[in-house]
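Residue numbers (our numbering), protein chains in the order written: chain Z, 2 to 475; chain H, 2 to 475.
Source of the hints: derived by calculation from the structure; they are not laboratory data.
Treat each hint with caution, since some may be false.
Each pair may be met inside one copy or between any two copies, as identical chains are not told apart.
As the list claims (entries may be wrong) - Distance condition first, Cα-Cα at most 35 angstroms in a straight line; then the derived DSBU-like pairs of lysine-lysine:
{"#": "1", "residue 1": "K302", "residue 2": "K281"}
{"#": "2", "residue 1": "K75", "residue 2": "K227"}
{"#": "3", "residue 1": "K140", "residue 2": "K281"}
{"#": "4", "residue 1": "K227", "residue 2": "K302"}
{"#": "5", "residue 1": "K423", "residue 2": "K140"}
{"#": "6", "residue 1": "K140", "residue 2": "K227"}
{"#": "7", "residue 1": "K140", "residue 2": "K302"}
{"#": "8", "residue 1": "K423", "residue 2": "K75"}
2 protein chains.
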Amino acid sequence: MQVSPPFPVFLPDIQPRNVPTALMEALQARFGPQFSSALVVREQHGRDESAFSVPPPDAVVFAQSTQDVSDAAKLAAQHKVPVIPFGVGSSLEGHLLAVQGGVSIDVSRMNQVLAIHAEDLTVTVQPGVTRSQLNAAIKSTGLFFPIDPGADATIGGMSATRASGTNAVRYGTMRENVLALEMVTASGEVIRTGTRAKKSSAGYDLTRLMVGSEGTLGILTEVTVKLYPLPESVMAATVSFNSLADAVNTTIQIIQLGVPIARCELLDANTIRMVNAHSKLTLREGAMLLMEFHGSPAGVKEQVETVQAIADEHGGQTFEWASSPEERTRLWTARHNAYFAGIQSRPGCKAITTDTCVPISHLADALLDSVLEAEQSGLTYFLVGHVGDGNFHMGYLIDPDQPQERELAETLNQQLVRRALKLGGTCTGEHGVGLHKMGFLVEETGAGAVAMMRAIKQALDPHNIMNPGNMFTL
Amino acid sequence: MQVSPPFPVFLPDIQPRNVPTALMEALQARFGPQFSSALVVREQHGRDESAFSVPPPDAVVFAQSTQDVSDAAKLAAQHKVPVIPFGVGSSLEGHLLAVQGGVSIDVSRMNQVLAIHAEDLTVTVQPGVTRSQLNAAIKSTGLFFPIDPGADATIGGMSATRASGTNAVRYGTMRENVLALEMVTASGEVIRTGTRAKKSSAGYDLTRLMVGSEGTLGILTEVTVKLYPLPESVMAATVSFNSLADAVNTTIQIIQLGVPIARCELLDANTIRMVNAHSKLTLREGAMLLMEFHGSPAGVKEQVETVQAIADEHGGQTFEWASSPEERTRLWTARHNAYFAGIQSRPGCKAITTDTCVPISHLADALLDSVLEAEQSGLTYFLVGHVGDGNFHMGYLIDPDQPQERELAETLNQQLVRRALKLGGTCTGEHGVGLHKMGFLVEETGAGAVAMMRAIKQALDPHNIMNPGNMFTL
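If we strip away everything but chain Z, and leave its shape as in the complex, we get (with noise of 0.2 angstroms):
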């Protein structure tokens, strides 16, 4: 395995900044019961599912509304002191972690799904509404909202990190898919971006600037979003496939093709394997597409038919078709389990998870290299993939208190990640930056172009208050 120097296995800038007493007391007069500094609290909303460990946040607001969020960043921005947004801590990369010190701002309890306008086919929401609670409350309307990044995470969450999922191949990200966002700035203003009009050429685009800064240009409290009128037809398939170059190759053909497809997602034989022991299955221990076809009856038959050609040239075989609810959920279970299979498969472990993007014609290198890599290191990893956006995840697990694991994860994160950098990719497909790919955001853009995010971060937050020390340093 090639390891190329230098090797700078990361860690977390960490530079506490001391809270004063007066603020502490100030945020205890304002929020009473909605204001904690318990130990237990502070754990709590101090890590997340990456594998850092920091010390937590030196206090915790429980906001109930815009105004809440408004005067905690108000009484924050007076005291210089940092704030981070947090949502129900499923971020994978360390973005809500408390690298220096300050006041977590918790919007789980902001769950209100404000107004649903079926009829324009938006709804807008409070930032700790959940995607599955927000499916539930708009499901007599006949629409959902598609944006599933695994994880039940919030609308804020997924919003400020950019998030996609498994049916972004039909339905893109969050990036196409919030219209307009309410947020509180750094220095606890409240404003509005974005109109519930389909389109708009009124001014910078301030809302996509939003979504995807991780909390470090304001905090999200309203978020508007697109729905979509449920399909009429639905069907789901699993396909296994003798190599995973067979797998990857039948991804791009059916991309290629323009195939409207909902759902591309792949594991490889590694991964079927946990997930047969985790959940008690026998799938094929070969490489698995997993996929859904949306439209009119007669639309899905058209795709399905294209789509199981393409298969059956690359050797495609154990087809399972699914069309009920309740059939298309068996057929997801491995899908579904698959992070909780890779993680209980070594107990105690932790996960370094890496995220990258390339041109759909590029998959196949990106990915069977990366895949060769990982074999050889002799560590045990989890590959699941979006593979029709070209995105996929490895999952490295480590012992935590082993260094050379960490550092050999990263290694092969890194090999992984400038690789997929040469094949014109991205370095986070839909994880964010966070702590983790800081370094990598600069190799991928350029340092012209973070100099300029810089400066816009600089104008916005001046006193560098909005979760410091994510995304770059200042």
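Fit chain H to the given chain Z structure using the hints.
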């Protein structure tokens, strides 16, 4: 007709800056025959399709490369002199007018298609490539670039104004279709934003910040956009209605049902009359919808059946259908000629155009009352709409020598835009802010959001030399 006081007829804020002789000499020395200060050349670069008339730029540089743009920007920055990018001059809102003097940077000679990646459904072009040139260049790939704002605008200009047009209802706008950019900053530095990967969560979305920034943050020198497979089957249709309301309500129902219609355009009876006179046609003088359906033969058939049933319910008549390219072109004549038919219906006139977009359920409210006001005003007007998006334009035809006509047109425009804003819409769906919508931008998004835009502008262009006086005054 109600006039809401106060009544601010917009006049561009003309603040010419002196262009130092030293800069003129330096540009002449660097660019030789690519530089011109001849009045006829300056005048050609000092007008667009808007009704504004301001003094032309002081000089024009014909850039042939990114290096040319960078060098011109660096020289201008040294002297703190404005630079204004110029494509083909098809702006409708005064974007390219030198309201503060300065140097027009004409990128129309930067017209190379740089990289066709048919295998990834992307293409990278220089900014001066026009949309028809792009589609000609990729013809053999079986792919097409759908964004069609009417004018044969440049891809650079379309990106800078976040343009869209007839196909946006299915394929999105430039916001959804630009993947990556190369640009020259206010200091003359060359940076890149985005990659060819379909999605990314890597840092601030500089690509979408630049798309729609109207030359005020930098000059685009390369644009990478998405392409789409040419649909297997295309069907176009026109249908006439007894009332505008029937046409609009048909549209609303098509969209609410989720029909993936590719084009859904409206002309009112008044505009049909102008088109008949201009193109010697005998179209029925009623509100007309022009539609296009893309997909597999079966998919198109389904869409057509659904839409026909909806139109029938609203009294649609004289359906005409076309599937061959020639027949489709004939059917679309009315739409393609509407703008010029409108202009030519009143010799010597100028058009004050509007461009609002509202949530689809409010389209009837927004459109019908605005048409009524125009009718009652006695001013000649035409109406065309990308109504599938909730977006429509009216062109008020004024005698430029009659100030009261301009005032009347601006009053109508003001009423129309304010109505759209009240209905949750935007002051510009696709034309941009330019000189004309600055006041409305504040009304739409609020002082706080515009202050945030200004802060970004000041951070990235501290000397205010990138197309200053457009979008907002600093």
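Task: Violations among the numbered hints, reported as their numbers in ascending order - done: none
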